[in-house]
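Trainee: Listed below, chain by chain, are the residues.
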Amino acid sequence: MTLRQSLHRLTIETRGKGLTDFTGRVASWVAARGIETGLLTIWCRHTSASLTVQENAAPAVREDIVRFFETLVPEDPHRYAHDDEGPDDMPAHLRTMLTDTQLSVPVAEGQMVLGTWQGFYLFEHRRQPQRREIVLHLLGE
Amino acid sequence: MTLRQSLHRLTIETRGKGLTDFTGRVASWVAARGIETGLLTIWCRHTSASLTVQENAAPAVREDIVRFFETLVPEDPHRYAHDDEGPDDMPAHLRTMLTDTQLSVPVAEGQMVLGTWQGFYLFEHRRQPQRREIVLHLLGE
Amino acid sequence: MTLRQSLHRLTIETRGKGLTDFTGRVASWVAARGIETGLLTIWCRHTSASLTVQENAAPAVREDIVRFFETLVPEDPHRYAHDDEGPDDMPAHLRTMLTDTQLSVPVAEGQMVLGTWQGFYLFEHRRQPQRREIVLHLLGE
Chain A
13 MTLRQSLHRL TIETRGKGLT DFTGRVASWV AARGIETGLL TIWCRHTSAS
63 LTVQENAAPA VREDIVRFFE TLVPEDPHRY AHDDEGPDDM PAHLRTMLTD
113 TQLSVPVAEG QMVLGTWQGF YLFEHRRQPQ RREIVLHLLG E
Chain B
13 MTLRQSLHRL TIETRGKGLT DFTGRVASWV AARGIETGLL TIWCRHTSAS
63 LTVQENAAPA VREDIVRFFE TLVPEDPHRY AHDDEGPDDM PAHLRTMLTD
113 TQLSVPVAEG QMVLGTWQGF YLFEHRRQPQ RREIVLHLLG E
Chain C
13 MTLRQSLHRL TIETRGKGLT DFTGRVASWV AARGIETGLL TIWCRHTSAS
63 LTVQENAAPA VREDIVRFFE TLVPEDPHRY AHDDEGPDDM PAHLRTMLTD
113 TQLSVPVAEG QMVLGTWQGF YLFEHRRQPQ RREIVLHLLG E
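Residue numbers (the working numbering), protein chains in the order written: chain A, 13 to 153; chain B, 13 to 153; chain C, 13 to 153.
Just so you know, the hints here were simulated from the structure itself, not pulled from any lab data. Among the clues, some could well be false.
If several chains are the same, the list does not tell them apart, and a pair holds so long as it fits within one copy or across any two.
Claimed, not checked - Okay, derived cross-link-like pairs now, DMTMM-like style, lysine to aspartate or glutamate, Cα gap no bigger than 25 angstroms in a straight line:
#, residue 1, residue 2
1, Lys29, Glu145
2, Lys29, Asp88
3, Lys29, Glu153
4, Lys29, Glu121
5, Lys29, Asp95
Quantities reported herein were computed from a predicted structural model and do not represent experimental measurements.
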């Protein structure tokens, strides 16, 4: 076999702050590529939404995550000079910095080597619903 | 030369919270592949243990890191709804989010381009010893 | 076309704590490689400076980021055992852990798929000016 590449754009509609599981959409796209061994990269094209790998079982985990980040990076206007787009603007940038903009996961035996409890989440940091763009890149054979 | 890929699974036995240096095991595996130029990816298959690149010299650095994360993400049951596996469960997920699940490092002249003081560490976030699985993927020529 | 690789070293002179935009230098190097589709990886060879993707518009964002990290990871000597290189030593390691040492971004139609507002920044965590080394690796066709 020969190494080859594929690119894909995913759009995720968010509904305000919170985590959206998009593991299934990535897994389906990878499966359809027919790659046995390779490397999948996920890129989030925003600075106020981010990626994270988290537990895909208990829903309470996602609620605790949102609450934790509200405390760690407070929406307190007195703390930030930058608020062009409102009080959630600067906290959104900081929460993005503390989590991930990119993830690369190996593919083995035709599927991503995620652990049993691992899922991909888009973490929306703005209050209002947004249309988010994710780029997938797969290289393999 | 032609681009080729290799995959490998590493098992790391942890002894409760703390950092385990596994740079040597990765470097040996990479050296044995005979790759001159390429990209090495490390994936951690867990949501309560993570990866980090840290200073490999002073042991006090690792102790300070563990202590810092105890303060930044406290094991305080009143803060979290999710505690299926005990008070260290939710803090483990959050500490994983704040550090890394994946790292990709270029290979040049047959070895990873780590800086002089850089080492790869597995950061265990659970109190009890665990058996952790890491996947290595190398692509190069 | 055939998949091929390129490596490059960038040196960034920092002027104490703060963020330095180096997106243009990466984009120029990528453009000169003549790669249509691929994956670009950036590696920072230090444990007291890091990488981040941030908004490239408002300068106030960078000031807020620096201020936020001073609060999140205080330069308080009483908190850390390790201070071989001064009070900014251990906070520099922790701030590096909380941000990124590596970023990998897909290349499509000859350029990186960065969002409109995304830029690459080197985040210097030491007080004194430093000479920082970044490695770029590009794989594509």
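Trainee: Run every hint past the structure and note whether it holds.
Mentor: Evaluated hints:
1. Taking identical chains as interchangeable, the C-alpha atoms of Lys29 and Glu145 lie at most 25 angstroms apart only when both belong to the same chain, with a minimum of 16 angstroms there against 32 angstroms between chains.
2. Proximity of Lys29 and Asp88 under a CA criterion of 25 angstroms is satisfied in both settings, with 16 angstroms inside one chain copy and 24 angstroms between copies.
3. Taking the shortest Cα distances, Lys29 and Glu153 never come within 25 angstroms of each other, neither inside one copy (38 angstroms) nor across copies (38 angstroms).
4. In the homo-oligomer, the alpha carbons of Lys29 and Glu121 never lie at most 25 angstroms apart, since the shortest distance is 36 angstroms inside one protomer and 32 angstroms across protomers.
5. Proximity of Lys29 to Asp95 under the C-alpha cut-off of 25 angstroms is found in both arrangements, the shortest distances being 17 angstroms within a copy and 22 angstroms between copies.
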